[in-house]
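Student: Below, each chain spelled out in residue letters.
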Amino acid sequence: MALPKYTEPHYRIWHYIYLFLCGCVFFFLIAPLFVIFPLSFNTEEFLVFTEGMKRLDPDAFSLRWYKDMIYGTKNPWGLAAKNSFFIAIFATIGSVILGTVAALGLSSRHMPYKGIIMATLISPMIVPLIISGVAIFFFMAKVGLAATHIGIILAHIILGTPFVVITVTATLSGFDHSVTRAASSLGSDPVNTFMKITLPLILPGVISGGLFAFVTSFDEVVIVLFLAGLDNTTIPIQMWTGLREQLSPTILSVATCLIVLSTLILVAAELLRRRSERIRGISR
Amino acid sequence: MSSETQKILTTDGIPLEVSLKKTEKKNKIKAFLLVCPLLFFLLLAYISPIVGMLFTSVDDRMVTNMLPKTFKAMEDWDGKDLPSEKIFEAFYKDYKILVDENRHGKLATQMNYEKNGFKSILKKLARKQKKFEEGNYKEQIMSVHKRWGQVDYWRAIKRRAPSYSYIKYLKGVDMYQNEEGSIVQVPEDRRIYKILWLRTLEIAFFVTLFCFLMAYPIAHLLATLPMKYSNLLMICVLLPFWTSLLVRTASWMILLQQQGLVNDFLVWIGIVADDHRPVMMYNKIGTYIAMTQILLPFMVLPLYSVMKTISPSLMRAGKSLGGTPFVAFWKIYFPLTIPGIGAGCLLVFILAIGYYITPELVGGASGTLISNQIAYHMKHTLDWSFASAMGLMLLTGVLAIYWVYNKLVGIDNIKLG
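As you go down the protein sequences, you meet chains A and B in turn.
Following my numbering from start to finish, the first sequence increments by one per residue and tops out at 284.
Following my numbering from start to finish, the second sequence increments by one per residue and tops out at 1417.
It should be emphasised that the hints constitute simulated quantities derived from the structure, not laboratory data.
Accuracy of the hints is not assured; some may be wrong.
[Claimed, not checked] In silico DMTMM-like links for lysine to aspartate or glutamate, alpha-carbon gap of 25 Å or less:
#1 LYS1030/B / ASP176/A
#2 LYS1028/B / ASP1059/B
#3 LYS1022/B / GLU245/A
#4 LYS1379/B / GLU245/A
#5 LYS1123/B / GLU1133/B
#6 LYS54/A / GLU44/A
#7 LYS1021/B / GLU245/A
#8 LYS1158/B / ASP1275/B
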């Protein structure tokens, strides 16, 4: 955003102040994430930058805490990671199926009571997590699913579906329904039409909704705190316990891995968003 | 002309109108059936337990279950004079069981809330009752402490007899029902929940304000920069958005600790002395800083999506008609961004008011919110009916804002990323 040549000097100054402030905000947003990287390679047990690290002495850096994360004795991270992935994957599958099907219905212009139903389907995203946690805990305790994987997966499906509903309805809003009518007129049954025509076209929206659902489940701690027993511990639960009790550098190693994971997810989500915009652009 | 207009028929011979209605209806049912699985799942596993919290919140059987014989004996006591020996005996027997099972502390807490001074006389009774002899319990109990001879205290017990009451809601706003049955505020020094509600509102308000002040310029920059730069800068917004909440909170815990980088920096530029490093964590400051950074993307994204649609030629037109850049901004650009501001502020406010994780980790005692209190009662005091009551009060507030949001922005206009 270069300034035109005729800009008066004092507006020029204002403009640089504005750019500087923006820079500060971007720094505030992103810098905290980068503190974690160097500290996770610390040789010491403290969470401060040692003198050696400030001098960039190679001896001050090590993979000690990463080794501890993977091979450490009585190490909770292995089980936690296994549980987290297991729960998140199944919660994502459930959310995607339920959410996509519901979004298809919601996008139909024949849908009765659209407003109130949409508000109900989105509500888990709006209701404070602590209240969702209490309510879901009461339900799971009553049906005997507390402290089971299934209970946690169902809870995460509840939290994940709003994202799928939102992204898929957004994708469907630009969807050209004449292609499905064309398919039907050529003798395709509805299921076949959905699988061969609709799904490939809305796939970017479905996958990006799925990514949201995955991240929601993978990062969720409030409800798991209520529901989890000792066998269902997840990565967020272990981090939560660690952050509350003592901040060990092992947590930072895990955090670094999580940041790498979220970067990958971000890249995937961005690529999908662009693809989806392109497809929508063509269909218009 | 005949009075009857001729009906248009389909090829099957059915009037078109009827056939159309039938198809409409079929489509309606089809659409509804698609939504059904999710809708019923949510109604069963999510909405109904939330409604169930309503019953839990008025459920007051804790005391009733602890003193069953007493309440039975009290049924025909009018509450005017001191209770009869029968009631004293029933109370002694109930209380003895509680002491034997070591559950009497809970009763003391509950009754002390009903009437001040109960805790000490119940504790004294717990110690003395071991030496009680058979019979004449009225005199024995009254000899433990003179307050046991005051009819007020017995009336307080009787007041707890009903199984359902709205007492927990009163407790949640620092009120209680006194002996005369009127609703009054608790003494000044015991009003903890009022402070908590106000603090929750205050933190949510200021976090929203800070987010707005920070998000507005960068959303503007992102919307006006050429694509190749703005995509790069957008990553700065989206990466925190996709990163685990706990990771971001952890990084603030490292930064804000006494020997942390922020303090190091402040010492280095000379604002604070090395031996007077300010405490920035486990208090309100920590909650403010961390929550602002964590919720900032939720403000930037709606603002950005609105600003993206504003044509730059509008500002140029304003300037060419003689407005200074500030006037052009204030009169043209700012009013056009108001929908985005509304969406972003409401979203951040809703999220902030129910925040739990971050305040719990960096908030300490002075930076925690109402959610933390709900969790505390769910997990530690196990007073689930109180937790439910507080939760529902919070939920009512959030739903009110949600309603406004829906009116202003439309719930189907939420955009993600």
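Student: Keeping to a limit of 25 Å between CA atoms, is the pair of LYS1022/B and GLU245/A held or broken?
Tutor: violated, 64 Å
Student: Could you grab the alpha-carbon distance between LYS1158/B and ASP1275/B and see if it respects the 25 Å cut-off?
Tutor: Violated, because 58 Å separates the two Cα atoms, which is more than 25 Å.
Student: Straight-line Cα separation of LYS1028/B and ASP1059/B no greater than 25 Å?
Tutor: violated, 41 Å
Student: Quickly compare the C-alpha distance for LYS1123/B and GLU1133/B to 25 Å and report which way the hint goes.
Tutor: Status holds; Cα separation ~19 Å.
Student: Please verify whether LYS54/A and GLU44/A have alpha carbons no more than 25 Å apart.
Tutor: holds, 13 Å
Student: Given the hint that LYS1030/B pairs with ASP176/A, does the C-alpha gap stay at or below 25 Å?
Tutor: Measuring from Cα to Cα gives roughly 19 Å; hence the hint holds.
Student: Take a quick look at whether LYS1021/B and GLU245/A sit within 25 Å of each other, Cα to Cα.
Tutor: With Cα atoms ~65 Å apart, LYS1021/B and GLU245/A exceed 25 Å; violated.
Student: Assess, step by step, whether the Cα of LYS1379/B is no farther than 25 Å from the Cα of GLU245/A, and give holds or violated.
Tutor: holds, 17 Å
When the structure is compared with the earlier hints, violations turn up for hints 2, 3, 7, 8 and for no others.
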